[in-house]
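Listed in order, the protein sequences are those of chains A and B.
Taking this note's numbering, I'd label the letters of the first sequence as residues 1 to 440.
Taking this note's numbering, I'd label the letters of the second sequence as residues 1 to 359.
Bear in mind the hints are in silico, worked out from the structure with no lab data behind them.
Just so we're clear, the structure is a prediction, and the values are computed from it rather than from any experiment.
Certain hints may be false.
Short, incomplete list of chain A residues facing chain B, as computed with Cβ under 7 Å [what the hints assert, rightly or not]: (1) Glu26; (2) Thr55; (3) Pro98; (4) Glu103; (5) Ser127; (6) Asp193; (7) Val435; (8) Ser436.
Cross-link-like lysine to aspartate or glutamate pairs, in silico, DMTMM-like; alpha carbons within 25 Å at most [said to hold, decoys possible]: (9) Lys155/A <-> Glu179/A; (10) Lys92/A <-> Glu113/A; (11) Lys232/A <-> Glu209/A; (12) Lys47/A <-> Asp330/A; (13) Lys92/A <-> Glu308/B; (14) Lys92/A <-> Asp154/A; (15) Lys232/A <-> Glu179/A; (16) Lys47/A <-> Asp367/A; (17) Lys47/A <-> Glu163/B; (18) Lys47/A <-> Glu304/B; (19) Lys277/A <-> Glu407/A; (20) Lys92/A <-> Glu226/B; (21) Lys185/A <-> Glu308/B; (22) Lys155/A <-> Glu113/A; (23) Lys277/A <-> Glu405/A; (24) Lys92/A <-> Glu163/B; (25) Lys155/A <-> Glu163/B; (26) Lys47/A <-> Asp36/A; (27) Lys185/A <-> Glu261/A; (28) Lys92/A <-> Asp112/A; (29) Lys92/A <-> Asp74/A.
Don't be surprised by glycine CBs; every beta carbon is placed ideally from N, CA and C.
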Amino acid sequence: MRSRIAPAAALMAAVLLATSCGGAGEVQDDAAADLDVSTGVTENSIKIGSHQPLTGPAAPGYSQISIGAGAVFDYINANGGIHGRDIDYVVKDDAYDPARTIEVTRELVHSDEIFAMLGGLGTPTHSKVVDFLNEEGVPDLFVSSGALMWNQPDKYPLTFGYQVDYTKEAKIQGSYIAENMPDAKVGYLHQNDDVGTDSEIGLEQYVAEQRVAVESYDPGNTDLGPQISALKEAGADVVVCSCIPAFSALAILESASIGYEPQFVVSTIGADTATLKGLLSEFAAEAGNEDLPVEQLLDGMIYTGYLPSITQQDDPWIQLYSQIYEEHADSDRPITNTTVYGMVQATMMGQALMSAGPDLTRQSLIDAVHEQDWAGPGLVPFSSTENDHGGFAGAMVLRFRAGKEPEVLQEAMVTDNRGGEITTAEVERPAPEEVSFFGE
Amino acid sequence: MVSLRNHESTGQGEQPRRASAPSAADRWRALPALVRFPLAAAAAFAAVLALTFVTGPTGDLRIGSVGYYMLAIAGLQLLIGYSGQISLGHGAFMFLGAYTMALLVLHQPALPLWLNMLITVVLSCAAGVLVGAATARLHGPYLAGATLALAVGLPSVTVRFPELLGGSNGLAFSTRGAPPALAGVITNTQWQAAAVWLTTLIGLVVLATISAGRLGRRMRALRDDESAAGLAGVPVGRTKVIAFVISAGAGGLAGACQAYLLGTATPSSFTVTLSLSLLAALVLGGLGSMWGAFFGAVALVYVEVWGEDLAHALSLDSNVANNLPIVFFGVLLILVILVWPQGLHGMLRSLAGLVRRGR
Chain A
1 MRSRIAPAAA
11 LMAAVLLATS
21 CGGAGEVQDD
31 AAADLDVSTG
41 VTENSIKIGS
51 HQPLTGPAAP
61 GYSQISIGAG
71 AVFDYINANG
81 GIHGRDIDYV
91 VKDDAYDPAR
101 TIEVTRELVH
111 SDEIFAMLGG
121 LGTPTHSKVV
131 DFLNEEGVPD
141 LFVSSGALMW
151 NQPDKYPLTF
161 GYQVDYTKEA
171 KIQGSYIAEN
181 MPDAKVGYLH
191 QNDDVGTDSE
201 IGLEQYVAEQ
211 RVAVESYDPG
221 NTDLGPQISA
231 LKEAGADVVV
241 CSCIPAFSAL
251 AILESASIGY
261 EPQFVVSTIG
271 ADTATLKGLL
281 SEFAAEAGNE
291 DLPVEQLLDG
301 MIYTGYLPSI
311 TQQDDPWIQL
321 YSQIYEEHAD
331 SDRPITNTTV
341 YGMVQATMMG
351 QALMSAGPDL
361 TRQSLIDAVH
371 EQDWAGPGLV
381 PFSSTENDHG
391 GFAGAMVLRF
401 RAGKEPEVLQ
411 EAMVTDNRGG
421 EITTAEVERP
431 APEEVSFFGE
Chain B
1 MVSLRNHEST
11 GQGEQPRRAS
21 APSAADRWRA
31 LPALVRFPLA
41 AAAAFAAVLA
51 LTFVTGPTGD
61 LRIGSVGYYM
71 LAIAGLQLLI
81 GYSGQISLGH
91 GAFMFLGAYT
101 MALLVLHQPA
111 LPLWLNMLIT
121 VVLSCAAGVL
131 VGAATARLHG
141 PYLAGATLAL
151 AVGLPSVTVR
161 FPELLGGSNG
171 LAFSTRGAPP
181 ALAGVITNTQ
191 WQAAAVWLTT
201 LIGLVVLATI
211 SAGRLGRRMR
221 ALRDDESAAG
231 LAGVPVGRTK
241 VIAFVISAGA
251 GGLAGACQAY
261 LLGTATPSSF
271 TVTLSLSLLA
281 ALVLGGLGSM
291 WGAFFGAVAL
301 VYVEVWGEDL
311 AHALSLDSNV
321 ANNLPIVFFG
331 VLLILVILVW
341 PQGLHGMLRS
351 LAGLVRRGR
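Extracted from the complex, chain A is given alone in its bound form (with noise of 0.2 Å):
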């Protein structure tokens, strides 16, 4: 048997030697890319492409989001699409698994060759792309995670963020508490990820001397009995989630079941309460009870948001939306949030292009993002300055009643994700008619 071996580890060695002379960790920083150039834009398209979770456990709720986008790209290439081309909007499943992803972005980019990514989801997924985005000189625009590593416009000068982070969020939020619940005892409950690490250190700023607990919850575990128990034990008044949907609404059930009733203040990523409405009717059937009062648990709930919201049909944004959705949307489910997230997004998308003229390359649409005046559909300010990726500044705190429009307790605010002072923003907020996002 060794006779056998020995010469087979030699040529193994030798082979591999002669592969490799310097380290596997070793490496040289590449010439930047070439951004003079219009891959994936012909006389009459442009090729945008994304990476989402179609299937897997992350796909109920932000499948939604690409056929958000999809349909406002529809609504724009019905209507004359950009300086005379249409969009052509590629999305391809990663299952949120991050190799899969590694794969569908090379694919995207080698051998569909698009012009710039739009929205790619997750951190753990989109963090294992950015690299390679860049390196390529593929425009990445509005990633949809709130981490804070999108905003580096040092390193990745190709990747703008989108959501407002983790960070900016949890400070205002904990300022609010700390202005409105002055005496309240307050619990954390939070993803053990970069969300819950990075809303810790905004909720601190203001909280920490209000914190009675904090309980972080692992995605791959659907039991929140323990983190829910630990935190009544607290004696924790107010509960700030900062969960994905599923746990947002796992939360309010189990603290529902054992008769604890805290107020809720959740996150952006956890409180589109149309998602939450149907998972919680999901998971009270799973349960057998079939005819919970989902409107009556989730009545109350305190939220920040940063984009307008469907159950406010007033707004001249969600009703172009709901109109765009009901005839372009490939979909037989009702729009939710999510689906807005994904059509402010293309139309974002939408309006960088317009602004970036009919002489298109990667180069001059990031000019256009870096000097976009993004009055639209958001409610807070957009920032992508040259200086500044950080998408959405700052967001409202608004609550959720039953079968009526949210009530705002507090107007947009912004701030930084570090000491900073959060400020009252000033946002202007012009109707679909005055936004150029297609067109000549």
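Starting from the known structure of chain A, fit chain B onto it as the hints suggest.
Leaving out everything else, chain B in the frame of chain A:
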């Protein structure tokens, strides 16, 4: 039960040898395993390298994926197809390999790739000894259950040590591409695919050599009848543990190749689904032959791609289209098992047999 005959190195019993002068195939088979396997591997490497010149960067990534899956499945083949032990936890060793690679690249960037690979193999083999020794007394469903627990539990370690292992977001890193001397001749993605295939083929040569030798014979004897093998003097426990260790080493190396190719190690890539997919791919490819690993790996990577293309071509409703690739794989698995219980490899063999008889 798989019969002894189903192994590439044993003679093709069903075909009476023609009396005429020995053909090229006969002469090839007469070569000693130690010459034959490296030669075949060198030919396969040349073929893969040539293939990467035709395909684009996306193709390179897929070819590389076939490579590391093949290595993982081949390790599983040795364990299940040859020694008859069922493991549902092979993904755990891939997890171990991927994280070892990631940590080495991040914290010891000066170490060359081949050393990283060797360290990974050593570590995974060590883990294989621990697990194998603990599970050597188990067989059948009990072994499957124990290894399943490993696959379920191990990825959660990342959440326990978020500073070191990056929590549920995992680790991301970049590795050195093609040497500057080769710039313009070979792209980085080609280089990576070639490195993965070189590792895989060396691994396969080792695996094939082992299974063609005394240890392989012992494993097959164990698989077919444990008591009989024991009576005949085969050390039952030791052989089982050795099979487990070798298979763990192959799994770890496959994980390292995956991490190297993708530049990431993330817990969500190493769920139970991965372990089950590897097993399904092995059964689909064919138990009892290293070729089964190849067909299984190709199916694992490309059935999904073809399923997506099909869904695209049929312009189905998005809910159906999104799940079509999974359904496609399942249906293929069921059909192949029903019609050719020996998997794709068995199918090709029986087809080849038909052709020969028809001549």
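Hints, one by one, checked against the model:
1. Glu26: Where the cut-off is 7 Å and the nearest Cβ of chain B is about 5 Å from Glu26/A, the hint holds.
2. Thr55: It holds, given that the least Cβ distance between Thr55/A and chain B is near 5 Å, below 7 Å.
3. Pro98: holds (4 Å)
4. Glu103: holds (6 Å)
5. Ser127: holds (6 Å)
6. Asp193: With a minimum Cβ separation of about 5 Å from chain B (threshold 7 Å), the hint on Asp193/A holds.
7. Val435: violated (28 Å)
8. Ser436: Nearest chain B Cβ about 30 Å off; hint violated.
9. Lys155/A <-> Glu179/A: violated (37 Å)
10. Lys92/A <-> Glu113/A: holds (13 Å)
11. Lys232/A <-> Glu209/A: Given that 25 Å is the threshold and the Cα spacing comes to 18 Å, the pair holds.
12. Lys47/A <-> Asp330/A: holds (19 Å)
13. Lys92/A <-> Glu308/B: Holds, at about 10 Å.
14. Lys92/A <-> Asp154/A: Violated. Lys92/A to Asp154/A sits at ~28 Å, over the 25 Å cutoff.
15. Lys232/A <-> Glu179/A: Judged against 25 Å, a Cα distance of about 23 Å means the pair holds.
16. Lys47/A <-> Asp367/A: holds (19 Å)
17. Lys47/A <-> Glu163/B: violated (39 Å)
18. Lys47/A <-> Glu304/B: Given that 25 Å is the threshold and the Cα spacing comes to 23 Å, the pair holds.
19. Lys277/A <-> Glu407/A: holds (18 Å)
20. Lys92/A <-> Glu226/B: Given pair Lys92/A, Glu226/B is violated - Cα atoms ~49 Å apart, limit 25 Å.
21. Lys185/A <-> Glu308/B: Roughly 51 Å separates the two Cα atoms, so the pair is violated.
22. Lys155/A <-> Glu113/A: Answer holds: Lys155/A to Glu113/A is near 23 Å, not above 25 Å.
23. Lys277/A <-> Glu405/A: Given that 25 Å is the threshold and the Cα spacing comes to 15 Å, the pair holds.
24. Lys92/A <-> Glu163/B: Not satisfied, since the Cα-Cα distance of roughly 31 Å exceeds 25 Å.
25. Lys155/A <-> Glu163/B: holds (22 Å)
26. Lys47/A <-> Asp36/A: holds (16 Å)
27. Lys185/A <-> Glu261/A: Since the Cα atoms of Lys185/A and Glu261/A sit roughly 13 Å apart, the hinted pair holds (cutoff 25 Å).
28. Lys92/A <-> Asp112/A: The given pair, whose Cα atoms are some 11 Å apart, holds under the 25 Å limit.
29. Lys92/A <-> Asp74/A: Roughly 18 Å between the alpha carbons, so the hint for Lys92/A and Asp74/A holds.
Figure legend: structure checked against the earlier numbered hints; hints not met, in rising order: 7, 8, 9, 14, 17, 20, 21, 24.
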